[in-house]
Amino acid sequence: MGKMKGAVVVDVERCKGCELCIVTCPQQVLANKEAQVNSKGYHYVYMERPEDCTGCTNCAVVCPDGVLTIYRVKEEV
Amino acid sequence: MDIQEIIQPENLVYERTQCLTDATLSYCPGCGHGVIHRLTMEVIEEMGIQQDTLGVASVGCSVLAYDFMNIDMTQAPHGRATAVATGIKRCWPNKFVFTYQGDGDLAAIGTAETIHTCNRGENLLIIFVNNGIYGMTGGQMAPTTLPGMKSSTSPYGRDVELMGNPINITDMVSRLPGTYFATRQSVHKPGNVRKTKKALRMAFENQKLNKGTSIVEIVSNCNSGWKMTPAESNKWMEEHMFPFYPLGDMKVNGEMVEKK
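Residue numbers (the working numbering), protein chains in the order written: chain A, 1 to 77; chain B, 1001 to 1260.
These aren't lab readings, by the way, just hints derived from the structure by calculation. A few of these clues could be false.
Rough simulated footprint, nothing fancy, chain A against chain B, three-plus residues with beta-carbon under 8 Å [what the hints assert, rightly or not]:
no.	stretch
1	1044-1050
2	1099-1105
3	1184-1193
4	1228-1235
Simulated crosslink set (DSSO-like; lysine-lysine; CA at most 27 Å straight-line) [claimed, not checked]:
no.	chain 1	residue 1	chain 2	residue 2
5	B	1227	A	40
6	B	1227	A	74
7	A	3	A	74
8	A	3	B	1227
9	B	1189	A	33
10	B	1195	A	33
The structure displayed is predicted, hence computed values, not measured ones. Just so it is clear, CB atoms sit at the ideal spot from N, CA and C, and this is done for glycine as well.
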């Protein structure tokens, strides 16, 4: 059976750093950039552990600002 | 596999709906309004009714909803959204009409309009966002504030003897004969978001049947007003709001749902 691999693309300028996606992610893929901010001064979210993402879309579904775009592909073993 | 290989148009599974405008939402970080805006627009996009939908925004945080929703919208005076929507629906009975109201608007100053719209059974959808507080004006006590809940005008908690009981308005209007569909949902977890979307879809479909009013209450957080982080406020909402405002359908297809 193939494994699902996902990728999250973040619209950095739109992100408000509310961290709802971080607590929702079942694989703990996402984290806030501690050192960097966007033009509004928010610590935006990024993929800290991209290898674990399954592309389940849970983060994008709870995101209030529609920041996240999800891609998913089935990796053949 | 490399990330860049995954990020290809053919692998896209989720993106922001085109029915929302490009404007950045003016809501606080973590506010449930953003999710509810997106769900409403996703349902409209799925049904292909962007040209045939008219929205009425209320007064409150959602007053600027017409800036974010890429459909024809108007904005009603305090609490009068359902009255304005009644006029629109009667002029264009074939259009889809919805109102987007908060609890300060719908349950306080607009109580009469809401109850009479549901009692007349106007064919429109009321989206009711309940966060138990007046969010925009600075977190004052609303009719839906829970007993003992702190707000800027009840700093020692709501005292029921002095300030009265909270009002459960969806439960109240679900008993009126004109109401066809009444439900209460939330948007704090992915499963709840998907259920809410299903409820909104059902409510829009009901407008085609011309059977009566649909009301979808969404219990939401107000992390700024409650003075918490977004994640904490969602947890607080689960622990304190849901016992008083239990989630679930109250009336489906004009029949009351039996509580177990």
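* List in ascending order the numbers of the hints, as given earlier, that are violated by the structure. => 1, 2, 6, 8, 10
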